[in-house]
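Protein chains in written order, with this note's numbering: chain A, 10 to 281; chain B, 145 to 491.
It is possible that part of the hints are untrue.
As the list claims (entries may be wrong) - Cut-off 27 angstroms, straight-line C-alpha distance, at most; resulting in silico cross-link-like pairs (BS3-like, lysine-lysine):
1) Lys275/B / Lys186/A
2) Lys253/B / Lys186/A
3) Lys171/A / Lys327/B
4) Lys186/A / Lys249/B
5) Lys171/A / Lys159/B
6) Lys252/B / Lys181/A
7) Lys186/A / Lys252/B
8) Lys186/A / Lys216/B
9) Lys159/B / Lys110/A
10) Lys110/A / Lys249/B
11) Lys171/A / Lys216/B
12) Lys181/A / Lys275/B
13) Lys171/A / Lys298/B
14) Lys151/B / Lys181/A
15) Lys253/B / Lys181/A
16) Lys171/A / Lys249/B
17) Lys327/B / Lys181/A
18) Lys406/B / Lys181/A
19) Lys186/A / Lys151/B
20) Lys216/B / Lys108/A
These are computed hints drawn from the structure, not numbers from a lab.
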Amino acid sequence: MKIFSNIGKTICNLILLLVFFFPFYWMLSTAFKTLGETMTFPPALFPANPQWENFLHVIEVIPFGHYLINSCITTIAVVVLQMFTTIPAAYAFSQYDFKGKPLLFGLTLITMMIPAQLVFMPLFILFSQFNMINTYASLILPFAGSAFGIFLLRQRFNQVPKELLEAARLDKASELKIIWKIFLPLSRPVLVTLALLTFIGKWNDYFWPLVLTTNDTVRTLPMGIVTMTNAESGTPYHLLMAGNVLISIPIIVIYLFAHKHIIKAFTYMGDK
Amino acid sequence: MSEIVLKDVTKTYDKRNTVIQNLDLRIEDGSFTVLVGPSGCGKSTILRMIAGLEPLTAGEMLIDGKVVNEVKPGDRDIAMVFQNYALYPTMTVKGNIEFGLINNKIPKKEREHRITEICETVGLAEYLDRKPAQLSGGQRQRVALARAMVKNPKVFLMDEPLSNLDAKLRGQMRSELIDLHRKLSATFVYVTHDQTEAMSMATNVVLLDRGVIQQADTPFEVYQKPANVFTAQFIGSPTMNLFCRKDVAPYLTAQLPEKVHKIGFRPSRALPVADGEQPQNSLTVSGKVLTRELMGSEIIYRLLSPFGIITFKTFNEEELAPDSSVTLSIDRHSMHLFDSDGQRVEE
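Chain A extracted, bound-state conformation:
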């Protein structure tokens, strides 16, 4: 019986692997094909002649450097700002008792349930009234806070033993120092995960730059790559995929460095 259950498990794992891995593989494989190869039927699993110059081509066809800089600025700004806002908010929700705390926390959580498609119009109008369309601020400010981040960090902060906080207060530590020296070091896996999720979300974001920009000034890589579809010769799938591979590289590199923390954050939250 055990053998059957093991075989079942392996098959399930293989199917899952295929579901998640195949699109990624398809992007990688297409990125090395020629335009002709992307059109053949049945589709070829492997490129006959890997086209390394596709990548070079992407960088030449669009102002890749410009988009890259915009992507870096907006993504890093959002990650940093979110840390600045979520950490104190999560600490307050976790450690202080104040009037209306349950209501405020509830409201914070509710914002997670409102789809972006509902708020983009009011936001667009707001930013355009402030003449902020096509500025970095319009891409950064809507993401300066994160309900999910507050929730995740608060959960971690709640697990920090009360005595540690009390010991620190008896040691005359200021609240900022308590956060910095005791709570944050204990929450490192959660912080890394949060930063990474924010990074990925913002780095890959296509919707908001599409809504809040009307020209190329602050547009980011995902939008930049799509501008190639405007070429008269039809959609150059091989170049789009090469562009996507380039966009994915930073995320993969960061994940490789941080995956231990991420697994820790989601599997084992206790610290002795």
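Here the structure of chain A is known, so what remains is to put chain B in place on it, guided by the hints.
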């Protein structure tokens, strides 16, 4: 001077649950005061109020004659050792000890000097770079102590600091704490539910039940002259035998004051009587030995008497076999007398 005074202190949680009501307590300067009592008696709450970790609902708290109700924990010149040590897990031993000093803006040179000195005292010198997770229970306990000592506080607060240690280490740490108190001559306030700990370490014992002080005195007095039935039964191991006067009257040859309602006596004061002997001015009763526990230097017996089970103990004497018959006698002067309210009857 570091006398702690609680004046008419009340502590209520959630506006309903009153843990401590109108408590008055004076903890003398330089004393080793142990707050002892069963779980939920409010002893930890009192300690936490002294530390400033719990605000007072009503009343005043004075340290050194100054009202400290609004003074932050870090500004009270106190140090606290927690039950589970509360060491900062991400800092090294040195970091843990140094944290309070840095926050108090002690210069680096002075810090180094104090840390070296303290760590030699408590035997931590070689563990300075380790993290708490890499230490044994006893070592963590020492770090917690060192962290408190290094601040040179006027008052040490300890919340059951030995309860996580094994019996042998606990005994050893107990002696070390007594030594430490002598050396530092600071005020120690120590919370425990273990009466042995209280009796062995304290210069003053404050016995609490349901937020009310039952007796506050030296351990000797608390043991010799328990103020009420609760104290009599809480302090002493095995616990004091306690019977209603009317139940034991037929076996009593002593004259007792009118208002005596209950009679108590320590297990060590119930002495086996030799055959033919007829003690006077005492309580004398015969019964059958139910159980026998050999504790080393002493043997504890349970005896089934006509008015209930009596616990008694003998020292280095011949063993009594279970089921054998024994006559016990309790001298009039070994009896503790209580009135119908459970208060001690003074003679």
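Verification of the supplied hints:
no., hint, in the structure
1, Lys275/B / Lys186/A, "20 angstroms, holds"
2, Lys253/B / Lys186/A, "22 angstroms, holds"
3, Lys171/A / Lys327/B, "31 angstroms, violated"
4, Lys186/A / Lys249/B, "14 angstroms, holds"
5, Lys171/A / Lys159/B, "22 angstroms, holds"
6, Lys252/B / Lys181/A, "17 angstroms, holds"
7, Lys186/A / Lys252/B, "18 angstroms, holds"
8, Lys186/A / Lys216/B, "16 angstroms, holds"
9, Lys159/B / Lys110/A, "18 angstroms, holds"
10, Lys110/A / Lys249/B, "35 angstroms, violated"
11, Lys171/A / Lys216/B, "17 angstroms, holds"
12, Lys181/A / Lys275/B, "22 angstroms, holds"
13, Lys171/A / Lys298/B, "24 angstroms, holds"
14, Lys151/B / Lys181/A, "26 angstroms, holds"
15, Lys253/B / Lys181/A, "20 angstroms, holds"
16, Lys171/A / Lys249/B, "25 angstroms, holds"
17, Lys327/B / Lys181/A, "25 angstroms, holds"
18, Lys406/B / Lys181/A, "52 angstroms, violated"
19, Lys186/A / Lys151/B, "34 angstroms, violated"
20, Lys216/B / Lys108/A, "22 angstroms, holds"
Hint compliance for this structure: hints 3, 10, 18, 19 are not met, and every other hint is.
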